[in-house]
Every structure is written in structure tokens, then in C-alpha cells.
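A.B. asks: So the protein sequences, as listed, match chains D and V. Here the first sequence is numbered in my numbering, starting from 1 and rising by one per residue. Here the second sequence is numbered in my numbering, starting from 1 and rising by one per residue.
Worth flagging that the hints you see were computed from the coordinates, not collected in a lab. One thing to keep in mind: the hints can contain errors.
Distance condition first, Cα-Cα at most 20 Å in a straight line; then the derived SDA-like pairs of lysine to any residue [unchecked claim]:
1. D:K184 with V:Y114
2. D:K184 with V:P13
3. V:K112 with D:V183
4. V:K58 with V:K111
5. V:K159 with V:W125
6. V:K206 with D:V183
7. D:K184 with V:D113
Away from chain V, derived, C-beta distances all over 12 Å, residues of chain D [to be verified]:
8. E56
9. G90
10. Y94
11. R129
12. I160
13. K184
14. E187
15. A212
Keep in mind it's a predicted model, so treat the numbers as computed, not measured. Each residue gets a CB set at the ideal place from its N, CA and C atoms; glycine is no exception.
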Amino acid sequence: MDRDIPCQDAWAAGVPGENRFVLAVADGLGSARHSDLGARLAVDVAVETLSRHCTEEAGPGVRLCEIEKTERMLLDAAGSARSALVEEAGLAGYAIRDLACTLIIVLCDQGRISVAQIGDGGVVGLTARGPVLLSDPGESEYLNVVTPLTGDDWEADLRITADIPGVSACAAFTDGCQRAVLVKDSEGYEPFAPFFLPLFSYARDVMDPALAGDEVASLLSSQRFSENSEDDKTLCLAVF
Amino acid sequence: MANLEDMVEIAYPQQPHCPTVLLLDTSGSMTLEGKIAQLQEGVALFREEIGNDELARKRVDLAVITFGDSVDVVSPFSSVEEFEVPALEAKGLTPMGAAINTAIDLVERRKKDYRTEGIDYYRPWIFMITDGEPTDMYEGDATWNKVVENLHDGEKEGKFLFFTVGVEPADMLTLKKIAPQNRGPVKLRENNFREMFIWLSRSQAKVSASSVGDQVVLEDPLGPEGWAEIPTY
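Model the full assembly from the supplied sequences, consistent with the hints where possible.
C.D. replies: Structure (C-alpha cells):
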């Protein structure tokens, strides 16, 4: 981006079986020296772990709808991502906090969505009632303070929402997008419908995923988006 | 098919706010050596410097509390654009204890307003400048204990950041006992009000431009070119 530092956001996705996908986005913290590496590793390991669970524990055609199992798989995906960071820090001679990042993991199985999140950013899904916030940026009093995956209390801070039915599309995004796509009042955050409705409708109609990727990238780097945040921005879209 | 950028609307949230309280000693002794005039010029310079910074101008909220003849919120919180530099008059004693409590209440109320409005905010700064020692509390008395506890707990719990600047002939030893333990008082070098306020505006510009997870590193006011020195007790 404009600043002379690498992009500290990362994302990864996989399709482990029919009518099923996994997605992860992470935002490396500005204060952490190698958070770009941390974010990359966290999303890769989270997606890989979750994909493996999907194929091992629920073969083709089997629904992953037992809530406890879904929660356990997501917890394990986040835990594996964190363990990978601990291991990488050990190998490279870094402190774990040097790899600090947030993490959002999305699992979609036969139209049911589950999300695990630590830190800020969020996930919005499209339902018959319009866009709803499936996982929110979490509570943090001050704007520049966040709980990362690398924190000691990561497990207590991990927020899991499991097996939400009736979702036909979703968008997972890092905090750089937050102020442009969510509105906030004393009650908390709400998705900004005039952003998400056309976005999901576009994603449903577009035939060429590469073109869609370019369009999303140019939207995120547009002047209107940048006015809201100078941070790195990632937005992953899925329609199903 | 239409361009995605033209299809979507973007939420234009309020800018995140960065509340700052200047807690200024306007006791009688501030008339000596033109200190009060320099303090007033410093506040004006601070406003100007923040006003010149594109982002800080939109994000920094300023309030001024004076303590001398009485404790007064002479400028309630406002944006830098709406901020008018108050006329400072040096008179009376140094009711520092009541002033500190007033500042803490003011930032807590401000944060509550932000939350009601759904406005994101940074940790508030309370920046106290004094040339004396409190005359409304003495070490170990009930008021002292309450004020110091309020201040130390608030700092520890992350409610605000409290900075203490002593101007000649401030009682630095007493200030050290009042200031948060992790951020002791510094002494203004040769009445260098101008440099101090420039540092403060630069620091606020940095804080107000910081994103999630950023660690804001401030310029060291104690460096050879800095405006402050470590007090010798």
C-alpha cells in the first residue's frame, strides 16, 4: 500500500467437499515486526486444519450440523494456527508477539455458516432479512487496541458462532474495511445495507471470479475507502 | 455490467476522536517571569499546529481546565476547529487535587458521550502543567489519598494517560508522588513552553493517525534537543 511496509493482511480459502468451503482472513498488527508472516501462516494453517477435519470427520454428503463438533473443529483450527505461530517464532528466533495478528475463520457447510474470530474485523452474511452481522469486531474500548491470536488469553477471547442457517452469501473483512462497511451506534455494530446488498448481488451475478477479484481490489483501494482507513484492507466474498 | 465501485455505497462514519485535556495551573505565581503569557501563547500554538495537520484536525478534541482562584472548565471539549484559546489569568492558590478530579470526570463523561453516539475513540490524554504544589491537599490527608488513588487507578486501568510537567519552581518531589508511577513528572527546561506544545501537537498527530495494533512511539522530550529534563529531586 502507500506506506513503505508490506501488506500485513492475508487470506486463504479451500473447498473441502461438495457444498462446503472454508475461508480465513487475518490482519497482522502494525506494532508487530513480522506480523505479515504471522497473518500468512495463521490463515494457511487454519484453512488446512479445517479442511482436514471436514474430509476426515464428515465425508462427502455428511452434514456437519452437530454444533459441538463444529465448535470443536473451529477451536482446533484456531489453536493449530496459534501453535504454528509459536513454532515459527521458535524456529526463527522471534518473540511470539512479533507475529501478532487477528484471525477470522469461516466454515460453510450445506448453507450453514460458522465463524470463529479473535480480534477485530467481521463477517456479514446475506439472509432473507437482508445483511446480518454474523461475527462482530468485538469489544475494545480504544480504537488502536486489539486482542491478537498470539495473546495468552486467546482461547477466552475467541468468539465462535456456530451453524447459522439461511445464509446465502457472506463477506469476511479485516478492520481496514470496518468503518466503511459497518455502522455503529450505542447498541453496537450493524452492517451497512447499501454497501452489502449491491455487493452480494454483484457477487451472485458475476461470472468471472478473476474479474470480481480485480473489482473488489479496486473498490478497496478507491479514494472513498481510503478516506475511512489508511490500514491494509481485505474483503473475501463467498456466494453459495 | 456496472463497475462494482459505482454500485456500492460506503458508510461514512464519524471520525474517531482523540480527546485531550490541558490541565493548567493559573495560580498567582504563574505571573512571575511571564509564565502565564507564555502558557497562553503555547495553547494558541498548540491549536494552530494541530489545525495544520489534516487528520489530527478532524480527530483531536480539546478541553482546557484551569486551577488557581478556582477550578474551571474554561473550554469544554470541542473540535480543534471550534476551539477558542481561552484568556488565562493567574490568580490565587493551587487547587490541584480538585483540578485532577475534574479532569478525570470530564474525560469519563466525554467517553460516555462517544459511546452513546457510536464514535470510536483513542485513550484520552490529560496533560497537567504546574509551577507549584497542591494547596488543597497534603500528602497523606483524605483528599490526597482519594485524588492519588483515583489518578493511579485510572492510569493503571487504561482510562486515560496522565502527563505531569513541572515549571520552575515546581515541587518536583511532591509531583512525583502524585503522578502515575509509570510516568513520572518531567521538568520544563528554561520555560520552553513553545517546544513543549509543538511536541504535544506532534504526539497527538501521531496518536490520532494510529490504527489498530499500532504502537505509538513518541519523540523523547528528554533528548538533547527536547523541551524537558529529568528532575533532580
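A.B. asks: Does each hint hold? Answer for all of them.
C.D. replies: Consistency of the hints with the structure:
no., hint, in the structure
1, D:K184 with V:Y114, "holds (11 Å)"
2, D:K184 with V:P13, "holds (8 Å)"
3, V:K112 with D:V183, "holds (18 Å)"
4, V:K58 with V:K111, "holds (17 Å)"
5, V:K159 with V:W125, "holds (9 Å)"
6, V:K206 with D:V183, "violated (25 Å)"
7, D:K184 with V:D113, "holds (14 Å)"
8, E56, "holds (35 Å)"
9, G90, "holds (22 Å)"
10, Y94, "holds (16 Å)"
11, R129, "holds (19 Å)"
12, I160, "holds (21 Å)"
13, K184, "violated (4 Å)"
14, E187, "violated (8 Å)"
15, A212, "violated (8 Å)"
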